[in-house]
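Trainee: Listed below are the residues making up each chain.
2 protein chains.
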Amino acid sequence: MTQPLAASRISQRRQAALADGGADYSAKRADLIRVAAIVFREKGYATATLNDIAALFGTDRASLYYYVASKEELFQECIQNILNANVATAVLIADLPVSPREKLTKLIEVMISSQVEHFPYMYVYIQEDMRQVVSQDAEWATRMVEQTHRLERFFIDAILEGVADGSFRAGLSATLTANGLFGMLLWTHRWFVPGRKYSAQDLTSTFTTLFFDGLAK
Amino acid sequence: MTQPLAASRISQRRQAALADGGADYSAKRADLIRVAAIVFREKGYATATLNDIAALFGTDRASLYYYVASKEELFQECIQNILNANVATAVLIADLPVSPREKLTKLIEVMISSQVEHFPYMYVYIQEDMRQVVSQDAEWATRMVEQTHRLERFFIDAILEGVADGSFRAGLSATLTANGLFGMLLWTHRWFVPGRKYSAQDLTSTFTTLFFDGLAK
DNA sequence: GAGGTTGTCAACGCGTTAGTTGACTGAAAG
DNA sequence: CTTTCAGTCAACTAACGCGTTGACAACCTC
Numbered sequence: 001m002t003q004p005l006a007a008s009r010i011s012q013r014r015q016a017a018l019a020d021g022g023a024d025y026s027a028k029r030a031d032l033i034r035v036a037a038i039v040f041r042e043k044g045y046a047t048a049t050l051n052d053i054a055a056l057f058g059t060d061r062a063s064l065y066y067y068v069a070s071k072e073e074l075f076q077e078c079i080q081n082i083l084n085a086n087v088a089t090a091v092l093i094a095d096l097p098v099s100p101r102e103k104l105t106k107l108i109e110v111m112i113s114s115q116v117e118h119f120p121y122m123y124v125y126i127q128e129d130m131r132q133v134v135s136q137d138a139e140w141a142t143r144m145v146e147q148t149h150r151l152e153r154f155f156i157d158a159i160l161e162g163v164a165d166g167s168f169r170a171g172l173s174a175t176l177t178a179n180g181l182f183g184m185l186l187w188t189h190r191w192f193v194p195g196r197k198y199s200a201q202d203l204t205s206t207f208t209t210l211f212f213d214g215l216a217k
Numbered sequence: 001m002t003q004p005l006a007a008s009r010i011s012q013r014r015q016a017a018l019a020d021g022g023a024d025y026s027a028k029r030a031d032l033i034r035v036a037a038i039v040f041r042e043k044g045y046a047t048a049t050l051n052d053i054a055a056l057f058g059t060d061r062a063s064l065y066y067y068v069a070s071k072e073e074l075f076q077e078c079i080q081n082i083l084n085a086n087v088a089t090a091v092l093i094a095d096l097p098v099s100p101r102e103k104l105t106k107l108i109e110v111m112i113s114s115q116v117e118h119f120p121y122m123y124v125y126i127q128e129d130m131r132q133v134v135s136q137d138a139e140w141a142t143r144m145v146e147q148t149h150r151l152e153r154f155f156i157d158a159i160l161e162g163v164a165d166g167s168f169r170a171g172l173s174a175t176l177t178a179n180g181l182f183g184m185l186l187w188t189h190r191w192f193v194p195g196r197k198y199s200a201q202d203l204t205s206t207f208t209t210l211f212f213d214g215l216a217k
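For the protein sequence lines, the chains are A and B, in the order given.
In this text, residue positions in the first sequence follow the numbering used here: the first is 1, and each later residue adds one.
In this text, residue positions in the second sequence follow the numbering used here: the first is 1, and each later residue adds one.
If chains are identical, the list can't say which one is meant, so a pair holds when it fits in one copy or spans any two.
Dumping the calculated EDC-like pairs for lysine to aspartate or glutamate here, alpha-carbon to alpha-carbon at most 16 angstroms:
#1 Lys217 x Glu161
#2 Lys217 x Asp165
#3 Lys106 x Asp157
#4 Lys217 x Glu102
#5 Lys43 x Asp129
#6 Lys28 x Glu77
Since the hints were derived computationally from the structure, they do not count as laboratory data.
Owing to the predicted nature of the structure, the values given are computational and were not obtained by experimental measurement.
Use the sequences and the hints to build the structure in full.
Mentor: This is the structure we're talking about:
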């Protein structure tokens, strides 16, 4: 070795492993993040400890630092992927040549099925208020808040489109309407457990009926 | 004093003060709880420190123990009152001799105006998942979860009533419908700031229109 | 002004947690 | 057989936060 004696710090070894991106390493790192999401979901970000995560991961707390630099990095990885994926899907839907009602239906489906498929990730994304969680890294947090706003924007735009073409009722604030719908969709994280009693299909059909046609006969 | 030297522990003095319930003491204690709610709202229960609360309250952290026994007690006081008040109001509404639609409308009004009038308290109640927050005191936590379920139950019952008398559409699960509505109402805690742009009236009218009659024309 | 009460606070104990270090094991490579 | 390297882990650090103690000043009250 050319370096005299100093090359043993764990962060350097992590960065090296990240850099040449071995398949095994990446897979195990992804695994760790999945485990972290489960623990965050159960205990909340602040209450969850690296010990809890390491225990469920089946290793020692110190070993985690071979894969991530900090607790916050675990959190960021949990959220970033799922949020970006949802925004990307929403972009595709926005460009479809279909009616506003169909667009909104598809957006609803995306949000619901996202919660089923990425259960702990979505929970963490919804439950934790990023501005409460993240410390100095305001840059990352604001980027994520921006992404969330982009997502909301797709809903609002579809609503406005429908009002413009006469298929939706006028006179309601599109922002309030979108926030109401968002509430319906996101609040599920508190009571909905995939694979128990209700399916994603049940949720989407109930919510679309309610949102478009209302409860009254 | 009959006790030789031992009577100086702060918890005893707190209990004495609580017992004879002086007006000044009670008022200041209530004040402290209000301040705590504000801090919990801003930072989240786990992240908020007693130092933060004491600072905003304008005193030393140690002084807080003259008013409450623990951080958890602060949390409990924040939630208990507002939740019990809401349940009590819901009981009154449930007994009114009005149509299911009117009952639901009133329930919606209660939840919205509760958020306006008791802004930080309601936020804490909604945001924090009690089972994540409370430690050993499972007894209190389950009681609060029960109260929340009672509240939900009033919504479900009103919906079932309307389905029975033919004014609401059949074929939707009352539970899913109620949860959807609950989502609309509670999610407001993330984006709604009282006294800015939208009023409570705006919210209730938009949400009732949406919920009963839908967005489609 | 003596004695008690109210509210306060500096200082400490104690547990817990994030993050670091340096050395170990075991397997692959040469 | 030796070297190397991926992965692990015991042990340490430094900080932080909750809750307690004991004393102290201001203010009644008699």
